[in-house]
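Here is how the chains run, residue by residue.
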Amino acid sequence: ETGVTQSPTHLIKTRGQQVTLRCSSQSGHNTVSWYQQALGQGPQFIFQYYREEENGRGNFPPRFSGLQFPNYSSELNVNALELDDSALYLCASSFGFYNEQFFGPGTRLTVL
Amino acid sequence: QQQVKQSPQSLIVQKGGISIINCAYENTAFDYFPWYQQFPGKGPALLIAIRPDVSEKKEGRFTISFNKSAKQFSLHIMDSQPGDSATYFCAGKFGNEKLTFGTGTRLTIIP
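So the sequence lines, in the order shown, correspond to chains Y and W. Residue 3 in our numbering sits at position 3 of the first sequence, with consecutive numbering throughout. Residue 46 in our numbering sits at position 46 of the second sequence, with consecutive numbering throughout.
Isolated chain Y, as found in the complex (with noise of 0.2 Å):
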């Protein structure tokens, strides 16, 4: 059974520009959570998809936007990269809403 990876590894933006991380999600699982964890600091959520929908967002922009595809992997799209966009970006997968998630190692973004 394969875990939660998450790609890439690390990248480097600068200022305005835009980026594209992505996530597959563990075998059998249909939900994406994507989280922003700051250095030094607990995880914050994002939004969730569930069966290629948005299922629930936190209190991010719009320029935070995802995908979920038919294969239950998901896409987190960030334009107009801030300064502060600088986190690890945590992928969790699971089985509906109500099950443990399993987190993958993270995208470590830092903007220039």
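Keep in mind the hints are simulated off the structure, nothing from the lab. Just to be clear, a hint being listed does not mean it is correct.
Stated by the list, open to error - Here are the simulated DMTMM-like cross-link-like pairs (lysine to aspartate or glutamate), alpha carbons at most 25 Å apart as the crow flies: (1) W:Lys58 <-> Y:Asp84; (2) W:Lys68 <-> W:Glu56; (3) Y:Lys13 <-> Y:Glu82; (4) W:Lys5 <-> W:Glu26; (5) W:Lys15 <-> W:Glu56; (6) W:Lys42 <-> W:Glu56; (7) W:Lys68 <-> Y:Glu100; (8) W:Lys42 <-> Y:Asp85; (9) W:Lys68 <-> W:Glu26; (10) W:Lys15 <-> W:Asp31; (11) W:Lys71 <-> Y:Asp84; (12) W:Lys58 <-> W:Asp79; (13) W:Lys71 <-> W:Glu59; (14) W:Lys57 <-> W:Glu26; (15) W:Lys5 <-> Y:Asp84; (16) W:Lys57 <-> W:Asp84; (17) W:Lys42 <-> W:Glu26; (18) W:Lys5 <-> Y:Asp85; (19) W:Lys68 <-> W:Asp31; (20) W:Lys57 <-> Y:Glu100; (21) W:Lys42 <-> Y:Asp84; (22) W:Lys71 <-> W:Asp31; (23) W:Lys15 <-> W:Glu59; (24) Y:Lys13 <-> Y:Glu100; (25) W:Lys57 <-> W:Asp31; (26) W:Lys5 <-> W:Glu59; (27) W:Lys5 <-> W:Glu97; (28) W:Lys71 <-> W:Glu26; (29) W:Lys15 <-> W:Glu97; (30) W:Lys5 <-> Y:Glu100; (31) W:Lys71 <-> Y:Glu100; (32) W:Lys42 <-> Y:Glu75; (33) W:Lys71 <-> W:Glu97.
For chain Y, the structure is supplied; the task is to place chain W on it using the hints.
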């Protein structure tokens, strides 16, 4: 209203000692309280979780104590080992809603 407050921010414990991390929550609707362990460069991994219908749950050296009336819960790590050195996060969740995390505790176990 959705906050989870965690303390201490950092903790140093001698090998073999007991590590205790505390959390307090505000949302009385929370019905699931997990603890996550995170090593540098890794994502959080579920360590142990409790639901509010029990006051304690033990798994090996890890115990959650839950006080519903005080809206507090804590993680106890017995016989702490250097391999337990990591950052620990408590969290709360209601039904199908998001996980709300605490700010984390960096635990260091010294020989």
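Here's how the hints hold up against the structure:
no.	hint	in the structure
1	W:Lys58 <-> Y:Asp84	violated, 39 Å
2	W:Lys68 <-> W:Glu56	holds, 11 Å
3	Y:Lys13 <-> Y:Glu82	holds, 10 Å
4	W:Lys5 <-> W:Glu26	holds, 9 Å
5	W:Lys15 <-> W:Glu56	holds, 24 Å
6	W:Lys42 <-> W:Glu56	violated, 28 Å
7	W:Lys68 <-> Y:Glu100	holds, 22 Å
8	W:Lys42 <-> Y:Asp85	holds, 19 Å
9	W:Lys68 <-> W:Glu26	holds, 11 Å
10	W:Lys15 <-> W:Asp31	violated, 33 Å
11	W:Lys71 <-> Y:Asp84	violated, 32 Å
12	W:Lys58 <-> W:Asp79	holds, 14 Å
13	W:Lys71 <-> W:Glu59	holds, 22 Å
14	W:Lys57 <-> W:Glu26	holds, 21 Å
15	W:Lys5 <-> Y:Asp84	holds, 23 Å
16	W:Lys57 <-> W:Asp84	holds, 19 Å
17	W:Lys42 <-> W:Glu26	violated, 29 Å
18	W:Lys5 <-> Y:Asp85	holds, 23 Å
19	W:Lys68 <-> W:Asp31	holds, 10 Å
20	W:Lys57 <-> Y:Glu100	holds, 17 Å
21	W:Lys42 <-> Y:Asp84	holds, 21 Å
22	W:Lys71 <-> W:Asp31	holds, 12 Å
23	W:Lys15 <-> W:Glu59	holds, 19 Å
24	Y:Lys13 <-> Y:Glu100	violated, 33 Å
25	W:Lys57 <-> W:Asp31	holds, 15 Å
26	W:Lys5 <-> W:Glu59	holds, 24 Å
27	W:Lys5 <-> W:Glu97	holds, 18 Å
28	W:Lys71 <-> W:Glu26	holds, 7 Å
29	W:Lys15 <-> W:Glu97	violated, 38 Å
30	W:Lys5 <-> Y:Glu100	holds, 22 Å
31	W:Lys71 <-> Y:Glu100	holds, 22 Å
32	W:Lys42 <-> Y:Glu75	holds, 19 Å
33	W:Lys71 <-> W:Glu97	holds, 19 Å
Checked against the numbered hints above, the structure breaks hints 1, 6, 10, 11, 17, 24 and 29 and satisfies the rest.
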